[in-house]
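Q: Heads up: the sequence lines are chains H and S, in that order. Per the numbering used here, the very first residue in the first sequence carries number -18; after that it's consecutive. Per the numbering used here, the very first residue in the second sequence carries number -18; after that it's consecutive.
Simulated from the structure, these hints should not be mistaken for lab results. Just so you know, these numbers come straight off a predicted model, no measurement behind them. Hints are supplied without guarantee of correctness; some may be wrong.
Which copy is meant is left open, so a pair is good if it fits within one copy or across any two.
[As the list claims (entries may be wrong)] List of simulated lysine to aspartate or glutamate pairs, EDC-like, C-alpha gap at most 20 angstroms:
no., residue 1, residue 2
1, Lys326, Asp87
2, Lys(-11), Glu1
3, Lys138, Glu(-7)
4, Lys141, Glu170
2 protein chains.
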Amino acid sequence: MTERNFTKEDVEKALRGIVEDIYDHLDKGNIPKMGVPTRTKQNITFHKRKGVWTYGKNLTWRSAKKMDGASMILRSLYMGEFINTMLEQSRSSTLREMYYISEGWDLGKFSSQDESNRLAEDLEIITGAMREDFHLRPEEDGSRIVGNITIEETNRKGVKKKINCRDDVGDSGYGIPYNVEKEKIRLLEADADFVIAIETGGMFDRLVENGFDERSRAILLHLKGQPARSTRRFLKRMNEELGLPVVVFTDGDPWSFRIFSSVAYGAIKTAHISEYLATPTAEYIGITASDIVNYDLPTDKLTDQDKQALKSELTDPRFKSRYWRDEIELMLKINKKSEQQALAKYGLDYVTDTYLPEKLGAIGMM
Amino acid sequence: MTERNFTKEDVEKALRGIVEDIYDHLDKGNIPKMGVPTRTKQNITFHKRKGVWTYGKNLTWRSAKKMDGASMILRSLYMGEFINTMLEQSRSSTLREMYYISEGWDLGKFSSQDESNRLAEDLEIITGAMREDFHLRPEEDGSRIVGNITIEETNRKGVKKKINCRDDVGDSGYGIPYNVEKEKIRLLEADADFVIAIETGGMFDRLVENGFDERSRAILLHLKGQPARSTRRFLKRMNEELGLPVVVFTDGDPWSFRIFSSVAYGAIKTAHISEYLATPTAEYIGITASDIVNYDLPTDKLTDQDKQALKSELTDPRFKSRYWRDEIELMLKINKKSEQQALAKYGLDYVTDTYLPEKLGAIGMM
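Bound-form chain H, shown alone (with noise of 0.2 angstroms):
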């Protein structure tokens, strides 16, 4: 169990550790300097304990002796001052605020937002705390569940809220926050089989219309694309602290390959909390290049971007299985990709009547 107790006076204290250092530096007429992992593809290892693919040690590093070196440090120390002040004052703000929060910071100031939320990324990497611990957050929305799953969130006015996925929202579901830490949300109790992870809003609505969640005792997440932190933070806690195995539904291409094993395996960006947001145990259940093949599906031809993308996964580490090996192999050799919609070609009913009883039945879950 990967539990996460890392409190506000941590946070604090970690940040605090970053001037410090700084400050050590240059008390001792020394030229200050940060070193953060290297977050590249060549630089993730297995971690055979935790089951999650994290960064290696590879270090860059940003001194002062350089402009860019002393700008970042600079950024680095406002972008302290600033959490902190949202921590003092219960505040959070986007990752798009805080990079207009900048325009005050004089020769602090970010020129790209890329930049503004690398740093985020490195104090998170430095600290050990996550942006959620920081009161950043995304634009994006969380995604939606539907299931027999009662939660307990505590709102903006710190009024605690139970929630029955099912029974107490609309049916466009529970909408999950940007934070889904303990101190915000609690996990209750589900009576359900196991969790269904669905990259796209069309599928998940079909599988709610079919009532697949009743019909198959199965929690329905909306992953929507590439799943926001919330959401793959969300899936692992329900995995780890309620024992619901999962499953991820996606289209076929190499796109969603990649959103799978940002699931299971962790992300490259975030490589450095793979171990609070990767569930080790999802299991794919396609589509596949098999699934095209065998189910005969409407598809389109690959394009350059996705060969170029399936070519990359070959030489991705967490796509080295046999069955990964076989499944990218397959879709550049039949040239085709499918979308998990497309099983529509069969009627609305065929996904919950055939296809997912026939692939969960195929790893033991059906």
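Please arrange chain S on chain H, whose structure you already have, making use of the hints.
A: Relative to the frame of chain H, chain S by itself:
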């Protein structure tokens, strides 16, 4: 009050009308044809009584004399049959599924989803029904609401559920379903002075966190970029049935102006149902070009696409008022655009403490 009382029987009758029309053509030995209004900027006119922009008198004809027209008529018949089956079985389908369903239609198969989407809109125009009456829905999620409004949703199992969009939901709010017609959603009551429709999720969450709904007796609605039809319809219904004024708060760029115009005046693509979707009394409260100057906001330079879009708006009948002309010309002159979150330059409270009170005050709303 633009009441809609289009029952299942009305839809079935209207669809049958199309079939009968084609049958009559054939019966008389004529080549069947179908006429639909031309859907371009040049063919929308202002409907004084309804207060919205609707299609003019130009028709585009599809005749079975040519292969293209014949295919389109065949597809119309297939689609009508599919919709009829969904109505009988109380099912629904996404536009994407609808496209894949056509795999089984032999010569009627669509070559792209654009084609099937357009046909669904054509059928709306011909029958006077709405896509929602056909049980066809888009991929995109509806948006979210936070505020003191109570609705009653009839869920997929036919159970009616009262939901207060402030007290009965989590911080992510109430998710608007794709169908918000009366058989699905009833608006029971609201204790608020106005609705503020907000373009970005970041700003929506800002107003939620700052408690703008309670402090200013506002209902907060997230437009989510160019708003879905269900979002516009929900706004319209709050405006008409509960008498709530609507203000629109977006980024300051030509695309955001279009978002406003589709909320207030109707979108070109859906001008045949503007009277159900548009809220003519909606007011724009920014970000304007004047705001960029007056509030000295962080900006980006206009791109070539931005400039083109602004120039195109100068010839758009929906933007012909003095107010819009001045703002569009000023934006072209200063050659700058800005985002609503740029207000964070002055801190996280500036938007709710200063900007919105000033802008709402200027139109007598606060």
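Q: Does each hint fit the structure? Answer for all of them.
A: Do the hints match the structure? See the list:
Taking CA atoms no more than 20 angstroms apart as the test, Lys326 paired with Asp87 passes between copies only; the shortest distance there is 12 angstroms, against 58 angstroms inside one copy. Taking the closest pair of Cα atoms, Lys(-11) and Glu1 come within 20 angstroms of each other only inside a single copy of the chain (18 angstroms); across copies the shortest separation is 70 angstroms, beyond that limit. For the homomeric pair Lys138 and Glu(-7), neither the shortest alpha-carbon distance inside one copy (23 angstroms) nor that between copies (48 angstroms) is at most 20 angstroms. In this assembly of identical chains, Lys141 and Glu170 lie within 20 angstroms of each other by CA distance solely inside one copy; the values are 16 angstroms within and 24 angstroms between copies.
Comparing the model with each earlier hint shows a violation of hint 3 alone; every other hint is respected.
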